[in-house]
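Participant: The primary structure of each chain is shown beneath.
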Amino acid sequence: MSGTYRVAVGSFEGPFDLLLHLIARHKVDIYEIPIAQITDDYLAVVSEMERIDLDVTTEFLVVAATLIELKAARLLPQEDEPDIDDLAMEARDLLYARLLDYRMFKEAGRYLGAQLASLSGFVPRAVGLEERFIGVLPQVQLGVTPQRLAEIAGQALAAKPEPIVDVSHLQPVRMTVREAAGMVVDELERAGGSATFEELTAGCRHRVEVIVHFLALLELYKLDLVDLLQPASFATLRVTANPESSWETSAFADMEEYVAAPATDEEVPS
Amino acid sequence: MIPEQQTVDGGDGPAVADPQTRKALEAILLVVEEPVEANTLAQVLEIPTDEVVATLKALRSEYVDEGRGFVLREVAGGWRFYTDPAAAVYVERFVLHGRSTKLSQAALETLAIVAYKQPVTRARISEIRGVDADGAVRSLLQRGLIEEVGREATPGQPLLYGTTSTFLERLGISDVSELPTLPELVPDAPLPAEPAPGGYKAARRELDALGIADPDPGEDEAADQ
Amino acid sequence: MIPEQQTVDGGDGPAVADPQTRKALEAILLVVEEPVEANTLAQVLEIPTDEVVATLKALRSEYVDEGRGFVLREVAGGWRFYTDPAAAVYVERFVLHGRSTKLSQAALETLAIVAYKQPVTRARISEIRGVDADGAVRSLLQRGLIEEVGREATPGQPLLYGTTSTFLERLGISDVSELPTLPELVPDAPLPAEPAPGGYKAARRELDALGIADPDPGEDEAADQ
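Residue numbers (our numbering), protein chains in the order written: chain A, 1 to 270; chain B, 1001 to 1225; chain C, 2001 to 2225.
Hints listed in this document are in silico derivations from the structure and should not be mistaken for laboratory results. Where hints are given, some of them may not hold.
Said to hold, decoys possible - No more than 20 Å apart at the CA atoms, straight line, and that leaves these computed lysine to any residue pairs for SDA-like:
id, chain 1, residue 1, chain 2, residue 2
1, C, 2023, B, 1092
2, C, 2023, B, 1093
3, C, 2117, A, 148
4, B, 1117, A, 148
5, C, 2023, A, 121
Only chain A is shown next, with the shape it has when bound in the complex (with noise of 0.2 Å):
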């Protein structure tokens, strides 16, 4: 794949980092990423993270997600089929989107560091009052009962090492293959043993929701535990549950835990 040269892994920043530098030793432009190259490239990084057991965060999976729809897009037969271009338009155009704006950012945090490196040498003067002054002072008030210092302390000690449940950096939806799987599963039972991809993702509201239940589809097939039928490209995929198997859920323990969180929070294209 990425023969000719090799990326120091674990020297980016996050995936528009290591995107960036990708494409700058393609020497191309931005507007210009050669998607299929990129792609492997990018793979290629990515699953050295991946051995060399480096915390690969979910969005790093992401861009490859995205990467991968787009390379599949241009390498499908180029037939009236509009959903799918639009759709992997609209993910090239993300994806530009956020290198952009990743782009402009990078280059702010070097001039901060270029700055403050350059200022460092100006040490301000911080030392406290001189004796003298201190007995100047007003008597100060603390304002506070006993009580009231003790609740401040407790929430000055509880509040560490982790911040504060913030939910909002939760935001991203999670949803793990596994989780998927047992969506899938649920809904093949309510359905009767058999549904329609699009039966089973209809309450996706993100296209990582749908890329990830695509993978649990993957996996549930290769533990034998689903049929797959698409009579023709681009046809409807019916899902059907194997009579022959048992649910158990130690078989989905095997699945390798991808985490999706979605990189903007577009919605499924209807």
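Keeping the supplied structure of chain A fixed, place chains B and C upon it in accordance with the hints.
Facilitator: Chains B and C in isolation, oriented as in the chain A frame:
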């Protein structure tokens, strides 16, 4: 090198600085722990702000001319004594706080996002960077470069972050508006050609409408704060 | 009155102070909080102690001659900058200017931590608070609410702080043992177990209801319809 003690150089403001004013200003600046506004100094000394500013400027150039180990700087809206960077190698030995430890790339990117997008939530920072920003945010808080400035009026009420006066001080500016605009910082950015196929622009407009995208890179970023 | 900047007075030691040495000494003395011994300075600058002392003495008289607002003084075997007593009245006025008689939130929180964790280092306080605590500690020291109570037996021997009798007095108790016990800390809720098959949808719905899984609260209505 004989210091011209009796004359105010710089030339703006009153011609001669009152020796008492000079002395008082130097004494006060010795005890401050953050930049002090010329206004405040004027109130304390009961003299016009003009005079304070003129005297401070005179002192500033005097120190430079005399090759002093300290300098007077006007940053973050006020005046304060700093060491001359030429002596930094010695000063470092006496300053504990790991001031010299450099910020990581993650921290710098996060700082840039906070500086240009403030007030901003952690989730938004993570979104732009594509990776979790918790560690970087904590480190910047610890260094006093950013602070909590409120909560967003959305469900969950996530904390909002902004830059501090320490940030301004360390960057040697008086206001974030003095930062270069983002587009100015993008390297050799030939204004990009229309992105090839697809509805890039439309997508951006949609995102803008949702309030989750940055303004077009061609626009002035600092303006929307 | 022209300061004799070029010659070292006192007559002992080298005749002319090296400008670099002067600069380094002034810079170091600007940032130290405690008097520094000439010996220490000599080691850092890698020059003889004699030369350091001679330069410091020269600077000391220079400041006097130039009518500076600061003076250099040798106390407790070390050297430090102080404000010129002649300017004390202005410094006092400044210190009192706009000074609140109430403690800031940061100072109060720091005080509470010192009260319950004493003896405690500044680094530990910063760690607990998640922000730099130097300013708050200084302010509490100045208000006489905390004091240095020793040094930690760890590398660097950081200062340890504890509360003072003034603190007890203001709080209306006679001993720290009378402080109320810390309120029960809320333990972090354990993560919910992974639901068994059949429970996924329900779990998702629960999460949705909590608004946790919702990527953008702003889109709520649109997405849920």
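Participant: Checking one constraint from the list: CA of residue 2023 of chain C to CA of residue 121 of chain A, max 20 Å. Satisfied?
Facilitator: holds (13 Å)
Participant: Can you confirm whether the C-alpha distance between residue 2023 of chain C and residue 1093 of chain B stays at or below 20 Å?
Facilitator: holds (15 Å)
Participant: Are the Cα atoms of residue 2117 of chain C and residue 148 of chain A separated by 20 Å or less?
Facilitator: holds (16 Å)
Participant: For a C-alpha distance cap of 20 Å, please report whether residue 1117 of chain B and residue 148 of chain A respect it.
Facilitator: This hinted pair is violated, its Cα atoms lying about 36 Å apart.
Participant: When you check the alpha-carbon spacing of residue 2023 of chain C and residue 1092 of chain B, does it fall within 20 Å?
Facilitator: holds (14 Å)
Going down the numbered hints, you'll see the structure goes against just number 4.
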